[in-house]
Amino acid sequence: MSHDFSPNPQKWLTIGILGLAISLIGFLVDTQIAAWSYLIGLIFVTSIAIGMLFLVMIHHIFDAYWSVIVRRQAEHYLSALPYLGILFIPLFALTYLKDQGLIWLWMDQSASLHGHGTVASDILYQKKTWWLSESFFWFRAVFCFAVWIYFARTFRRNSFSQDSDGSLNHTYSSRNHAAAGLILVALTWTAAAFDWIMSLEYHWFSTMFGVWMFASAMRAALAVMILTCAFLVAKGPLKGIFNTKHLHDVSTLAFAFTVFWAYITFSQYFLIWNANIPEETFWFNDREQGIWWPISMILIFGYFLFPFLYMLQFPLKTNYQSMTFMAIWLLSMNLLDVFFNILPSLKDSHGEPFQMFSSPLNVLWYIGGVLGAGGILLWAYWSSYGNTKIIPIRDPRIEECLNHNH
Amino acid sequence: MAKQYGLIAKFDSPADIMHAAEKVRDAGYKNWDVITPFPIHGMDAAMGLKRSLVGRFTIVGGTIGITTGMLMIWFTGGSELSLPFMEGYKLIVGGKPFFSPQFAFPVSYELTILFSAFASIGGMFILNRLPRHHHPFLKYKDVAKGTDDSFFLYIENVDPQFDEEKTRSFLDGLSSGEVRELED
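Here the protein sequences line up with chains P and L, keeping their order.
Position one of the first sequence corresponds to residue 1 (this note's numbering), numbered consecutively onward.
Position one of the second sequence corresponds to residue 407 (this note's numbering), numbered consecutively onward.
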């Protein structure tokens with residue numbers, strides 16, 4: 001394939017390391033905020049990779065043809081999962097060795113709660129100790145990553161080996177793995193949502209939360225997928241391969257998950273609003289204070305209504321420029337949504353939710369957290385990209401995919 | 407002899423009729439159609455059809471639906487308006503405000519879907535000029551083949567470009583089979 005475009009993974013590695021360095025400085029200067037920002041960046045980027053994993057599995061389970069060339073891009077992103085797992089180690093180190101209640105307050109049994117006793121004396125904690133124990137928590141984190149990495153490696157190996165030997169067994173293997181993987185990854189991703197985000201505020205509980213995290217991951221992954229494909233078309237490698245019909249299909253998925261996200265988010269809110277039990281409503285009350293109120297409004301209108309009306313329109317869904325804009329918009333809103341779900345769980349000494357821009361320095365730690373994990377993700381993508389064929393040339397459905405234009 | 411409706415030509419494969427449709431489109435005919443036993447991908451473009459306008463009906467229906475839902479909940483539970491045969495009656499349910507958008511949302515959402523569906527079906531009927539109980543093709547002697555293994559293309563004689571001789575020789579050039587008259 002002749003094209004002048006050659007990716008430069010090292011650039012992204014540099015950006016990633018720069019971000020990680022900022023976070024490291026943050027750990028020393030402003031430990032708590034920097035650690036939370038790091039967690040936000042890591043969850044945001046991990047959700048992109050997990051969304052890609054879901055996309056690959058959905059492709060295989062439906063034996064889809066139009067998404068064969070799209071799947072190859074997702075497979076490249078999967079190579080980031082082991083590194084993202086490694087990036088969790090600093091969080092372990094900080095909470096296990098330095099200050100146990102730094103991020104997940106319940107890890108510190110002696111932490112005093114605002115207004116009443118300590119974590120250990122809290123009946124709501126005592127009832128949950130079987131799940132919220134530190135060793136079990138870290139075991140689950142390792143187990144989740146082990147499952148994801150196992151499936152990521154399997155799909156990558158099958159797909160890349162097929163490029164050279166063309167054996168159909170790789171396709172069958174992937175399909176079987178997708179069937180098991182959809183269940184296992186759905187469960188582990190739910191566990192991750194409960195552990196990493198919901199247990200930040202261990203009093204609170206929502207059965208919808210895992211589904212919300214799934215919707216969030218899918219939206220982030222589809223936005224990144226649109227950007228990736230649009231970029232590769234503009235730069236040449238996918239020009240004439242990825243056409244507006246493929247773009248239309250990916251955009252339609254992004255549209256579908258816009259509605260799905262709104263449905264899940266509203267259902268979660270509505271059930272809690274309707275039941276009106278203080279144990280549940282406080283989570284939303286915290287998110288109506290200070291800056292979180294305008295942010296929650298931005299999410300309703302900016303992350304649902306505007307993308308919904310925008311992507312309702314066929315001409316906008318089939319145009320690279322308009323979808324590039326929408327993908328950047330969706331990704332920014334997704335990041336804001338992750339902030340919205342995580343950061344207000346951090347409380348000041350009065351038990352009030354942390355305000356996003358309480359100090360200008362916070363923004364630096366936010367940027368560091370997102371850049372660090374984000375740079376690693378793109379470094380992994382471009383490294384994997386450089387080592388393989390640009391499309392799965394011997395996939396049994398590649399011809400149908402390339403002729404996908406009606 | 408019955409009145410002429412147009413001229414009809416027979417084709418043997420989807421590819422044949424697709425190429426023929428492209429030529430008819432490029433020749434600038436307006437009142438014509440193809441009859442195939444099954445949907446052929448790409449035929450819309452070959453015939454030069456624009457995107458369906460059904461979506462416009464759908465968005466109007468959906469907007470009316472969400473507005474109806476919101477107004478209905480507000481009227482029945484949050485207002486004291488007097489309408490013919492109806493009275494608004496303020497009622498506290500579950501300790502919630504008389505009216506709140508959250509409360510009205512599930513109903514509005516369902517009505518959005520319902521009205522969108524009605525509008526889509528209604529729009530489809532209007533745009534296709536349905537219901538239509540008869541079409542001249544149904545009297546055509548090969549009508550059964552049009553649902554089995556043959557493909558037909560006809561041009562109506564009301565088409566501004568229609569000319570008995572020219573159109574006949576034009577269709578003759580496209581089709582390997584005979585060009586016949588379609589009676590009204």
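By construction, these hints were calculated from the structure, which means they are not laboratory data.
Some clues are possibly wrong.
No more than 30 Å apart at the CA atoms, straight line, and that leaves these computed lysine-lysine pairs for DSS-like [what the hints assert, rightly or not]:
(1) L:429 to L:409
(2) L:502 to P:245
(3) P:347 to L:436
(4) L:545 to L:572
(5) P:98 to P:235
(6) L:502 to P:239
(7) P:98 to P:389
(8) L:502 to L:429
(9) P:245 to L:436
(10) L:456 to L:572
(11) L:456 to L:436
(12) L:551 to L:572
(13) L:409 to L:502
(14) L:572 to P:245
(15) P:347 to P:11
Label pairs and their computed distance ranges (CB to CB) [said to hold, decoys possible]:
(16) L:448 to P:387: 35 to 41 Å
(17) P:128 to L:513: 32 to 38 Å
(18) P:83 to L:429: 53 to 59 Å
(19) P:252 to L:448: 17 to 23 Å
(20) P:164 to L:473: 58 to 64 Å
(21) P:121 to L:499: 36 to 42 Å
(22) P:252 to L:571: 56 to 62 Å
(23) L:487 to P:120: 56 to 62 Å
(24) L:459 to P:25: 24 to 30 Å
(25) L:565 to P:252: 33 to 39 Å
(26) L:459 to P:320: 48 to 54 Å
No residue lacks a Cβ here, since even glycine has one placed at the ideal position from N, Cα and C.
Each hint tested on the structure:
1. L:429 to L:409: holds, 27 Å
2. L:502 to P:245: Violated, at about 47 Å.
3. P:347 to L:436: Since the Cα atoms of residue 347 of chain P and residue 436 of chain L sit roughly 70 Å apart, the hinted pair is violated (cutoff 30 Å).
4. L:545 to L:572: The given pair, whose Cα atoms are some 25 Å apart, holds under the 30 Å limit.
5. P:98 to P:235: violated, 47 Å
6. L:502 to P:239: Outside the cut-off at roughly 56 Å; violated.
7. P:98 to P:389: violated, 45 Å
8. L:502 to L:429: Violated, because 66 Å separates the two Cα atoms, which is more than 30 Å.
9. P:245 to L:436: holds, 27 Å
10. L:456 to L:572: holds, 27 Å
11. L:456 to L:436: With a Cα-Cα distance of about 13 Å, the restraint between residue 456 of chain L and residue 436 of chain L holds, given a limit of 30 Å.
12. L:551 to L:572: OK: residue 551 of chain L and residue 572 of chain L at ~27 Å, within 30 Å.
13. L:409 to L:502: Not satisfied, since the Cα-Cα distance of roughly 70 Å exceeds 30 Å.
14. L:572 to P:245: violated, 38 Å
15. P:347 to P:11: Since the Cα atoms of residue 347 of chain P and residue 11 of chain P sit roughly 37 Å apart, the hinted pair is violated (cutoff 30 Å).
16. L:448 to P:387: 35 to 41 Å: holds, 37 Å
17. P:128 to L:513: 32 to 38 Å: Between residue 128 of chain P and residue 513 of chain L, where Cβ atoms are some 36 Å apart, the hint holds.
18. P:83 to L:429: 53 to 59 Å: Since residue 83 of chain P and residue 429 of chain L have Cβ atoms about 58 Å apart, the given range 53 to 59 Å holds.
19. P:252 to L:448: 17 to 23 Å: Cβ of residue 252 of chain P to Cβ of residue 448 of chain L: about 19 Å, so the range 17 to 23 Å holds.
20. P:164 to L:473: 58 to 64 Å: The hinted range 58 to 64 Å holds for residue 164 of chain P and residue 473 of chain L, with Cβ atoms some 59 Å apart.
21. P:121 to L:499: 36 to 42 Å: holds, 39 Å
22. P:252 to L:571: 56 to 62 Å: violated, 48 Å
23. L:487 to P:120: 56 to 62 Å: Holds, at about 57 Å.
24. L:459 to P:25: 24 to 30 Å: violated, 58 Å
25. L:565 to P:252: 33 to 39 Å: holds, 36 Å
26. L:459 to P:320: 48 to 54 Å: violated, 25 Å
Checked against the numbered hints listed earlier, the structure breaks hints 2, 3, 5, 6, 7, 8, 13, 14, 15, 22, 24, 26; every other hint is satisfied.
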